[in-house]
Amino acid sequence: MADARPGAMSRIIRWIDYRLPFVQFLNHHLVEYPTPRNLSYWWNYGSLSGIMLVVMIATGIFLAMQYTPHADYAFDSVERIMRDVNYGWLVRYAHMNGASMFFILVYTHMFRGLYYGSYKAPRELLWILGVVILILMIATSFMGYVLPWGQMSYWAATVITNLFSAIPLIGQSIVTLLWGGFTVGNPTLNRFYALHYLLPFIIVAVVLLHLIALHRFHSNNPLGIDLKGPQDTLPFHPYFTIKDLFGLVVFLLVYAFFVFYAPNFLGSPVNSMPANPMQTPNHIVPEWYLLPYYAILRSVPNKLFGVILAFGSIFLLFIVPWLDTSPVRSARFRPVYKWVFWLLVIDVIALGWVGANPPEGLVVTVGQFATFYYFIHFLVLFPLIGKLERPRPLPLSIAAAVLQGGGTRLGGAGAPMAKP
Amino acid sequence: MLKHVLAAATLSATISALPPIARAADESPPLPHQEWSFDGVFGTYDRASLQRGFQVYKEVCSVCHPVKHLYYRDLAEIGYSEDEVKAIAATYQVTDGPNDQGEMYQRPGRPSDPFVPPFPNDQAARAANNGALPPDLSMIVKAREGGADYVDALLNGYKEPPAGFNLLQGMQYDEYFPGHQIAMPPPLSDNAVTFADGTPATVPQMAHDVASFLTWAAEPNLEDRHRTGFKVMLFLVVAAGVFYAAKRKIWAPVH
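Heads up: the sequence lines are chains A and B, in that order. Taken in order, the first sequence gives residues 0 to 419; the numbers are from numbering that gives the first Met the number 0. Taken in order, the second sequence gives residues 0 to 254; the numbers are from numbering that gives the first Met the number 0.
Simulated from the structure, these hints should not be mistaken for lab results. Note that CB positions come from ideal geometry on N, CA and C, so glycine has one too. There could be a bad hint or two in this list.
Below, in silico cross-link-like pairs of lysine to aspartate or glutamate (EDC-like), each with a Cα-Cα straight-line distance of 16 angstroms or less [said to hold, decoys possible]:
| id | chain 1 | residue 1 | chain 2 | residue 2 |
| --- | --- | --- | --- | --- |
| 1 | B | K67 | B | D121 |
| 2 | B | K67 | B | D112 |
| 3 | B | K85 | B | D112 |
| 4 | B | K158 | B | E174 |
| 5 | B | K57 | B | E83 |
| 6 | B | K67 | A | E78 |
| 7 | B | K67 | A | E388 |
| 8 | B | K67 | B | D135 |
| 9 | B | K57 | B | D135 |
| 10 | B | K67 | A | D83 |
| 11 | A | K337 | A | E388 |
| 12 | B | K230 | A | D75 |
Computed far set for chain A versus chain B, every beta-carbon distance over 12 angstroms [what the hints assert, rightly or not]:
| id | residue |
| --- | --- |
| 13 | F163 |
| 14 | L176 |
| 15 | P199 |
| 16 | Y292 |
| 17 | L342 |
| 18 | L383 |
| 19 | K386 |
Construct all of the structure, not just a fragment, from the sequences and the given hints.
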């Protein structure tokens, strides 16, 4: 781009680029980068998640400049940010709700991957790196939630760190090590603060690996078939920059709505009370994005086994590329999986609902059934459906399907460019 | 195409909006929803109501309840002039120090002081209140499910206990308090205060005004937030239109 019209500026850029091919790099990965031409809006969630990570780091750094990581002052220092720091309320509400938005984006991104088989060969490592990012996000968000040192911060920290006490023999020692003492206290807060500041940058590093893996074989697409040549792709810029920008603005509308008009809707009122080690809230719940795991944990009567299943529900995702035996990626051509996918979505929502409610009566039954189904879905249905299902015929190429109508267009998550 | 974005947003919203099941132990009637001036996208605080609410807080609640996150200077935001704020602050005695002799001393309050708490610490507060701790009210509206509606309902919710209800010694029955046993005696009675603007000081009126005041105490930046939010949303709606048009134009040749 820089060499379009020679001038002083472009000569400087060329001089630098010869020695440090940065512009070339950007050109290769953000401008010319060949992208499947049939990507739907479901492919916006990856870049949106990346932008959200930047927003979280930026707002987080400004909050860290005003926050006091001490058990006696943390709560009040957060209130000071809300009241007396210029636009402190904005930065904090953006950070607080940003965490929820980040999870909405990443969960949608992952369900898209599950629907279109984006984890299948040769993208297994891409998927695995994504699961690593999810685990890091869960750790980061949990420790971030502890920092305001409200009632729910304190008790969530107590409950979650106590999970490690389920480990036989060394469990209690691990918990003491995590706490830095014999109860959740100031040392716990200090180390959580240090780690909460550190982990996002590790996430950035894993995101870079995720991108390297992505650019090796390029994006998957709604048809789930390989790119066969330049006729199947469009350059990233301007086609996908503008599409991502439009998606970004629509997402920001949702985000801004929460920040400005419902900033506390996704949080718990209990956390507006300062931490009180002498008084347990009558109902301890994690943030909404951790509710499904919490539901799995509570559905198992045995503590150790509950912890194993809750962690297992995430670690299970690592082997998803090998559990799915179907040679076809996109659910569009998989008549059975297409429906079973939605069962998983319903199942996870049900688990979230179970996690939000006290474990009594119906909640327990639904929770146990949904937990059972979650594991059956991946461990039994995934391999079985792949073997038994007869996939529909795949189109010859993306270009054939998109440009000639192809006869492969199906309902559901559509092909936005498939105009005959 | 847009429908996918919307579908995702709706799905996400549904997940978070699923109603929690009411607990069996908690048989409180549903909170009556009040009309609040600060509700909605354009909501602002009603200054007259906030000032009346401040008066109720000052003359009634502050006997037991601190609002430690408020400073006297903050009162300028609810319509008091600089001189009025100074005069209000000066009616309180603030412990300051230590001075050159190493002694703590009392001086009249200044606008830069936080609201003076009624008790020196939690233990003193418990000792004076039959063992119960009157909570700090600066965040009470944010810290209770139902917010201002809850505070309003609680203050109006004192009743005779139903037959057979085992009310403990020194406790009151309140319809909306979790478990219904509340240590706070009914704080409001008709004409407990005399409003300068002539508004009749009925219990519902005082409850409404003090709930408004406490909402402001919990969210002093609400008006700023609503105003800024409207500008941001407006900008984003316009930007979405522009980007969508640009997207259509750029993609037209390759469809």
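Hint check:
| no. | hint | in the structure |
| --- | --- | --- |
| 1 | B:K67 x B:D121 | holds, 13 angstroms |
| 2 | B:K67 x B:D112 | holds, 10 angstroms |
| 3 | B:K85 x B:D112 | holds, 10 angstroms |
| 4 | B:K158 x B:E174 | holds, 7 angstroms |
| 5 | B:K57 x B:E83 | holds, 15 angstroms |
| 6 | B:K67 x A:E78 | holds, 11 angstroms |
| 7 | B:K67 x A:E388 | violated, 65 angstroms |
| 8 | B:K67 x B:D135 | holds, 7 angstroms |
| 9 | B:K57 x B:D135 | holds, 14 angstroms |
| 10 | B:K67 x A:D83 | holds, 14 angstroms |
| 11 | A:K337 x A:E388 | holds, 11 angstroms |
| 12 | B:K230 x A:D75 | violated, 30 angstroms |
| 13 | F163 | holds, 28 angstroms |
| 14 | L176 | holds, 32 angstroms |
| 15 | P199 | holds, 22 angstroms |
| 16 | Y292 | holds, 14 angstroms |
| 17 | L342 | holds, 15 angstroms |
| 18 | L383 | holds, 27 angstroms |
| 19 | K386 | holds, 30 angstroms |
The structure is inconsistent with the numbered hints 7 and 12, although it conforms to all the rest.
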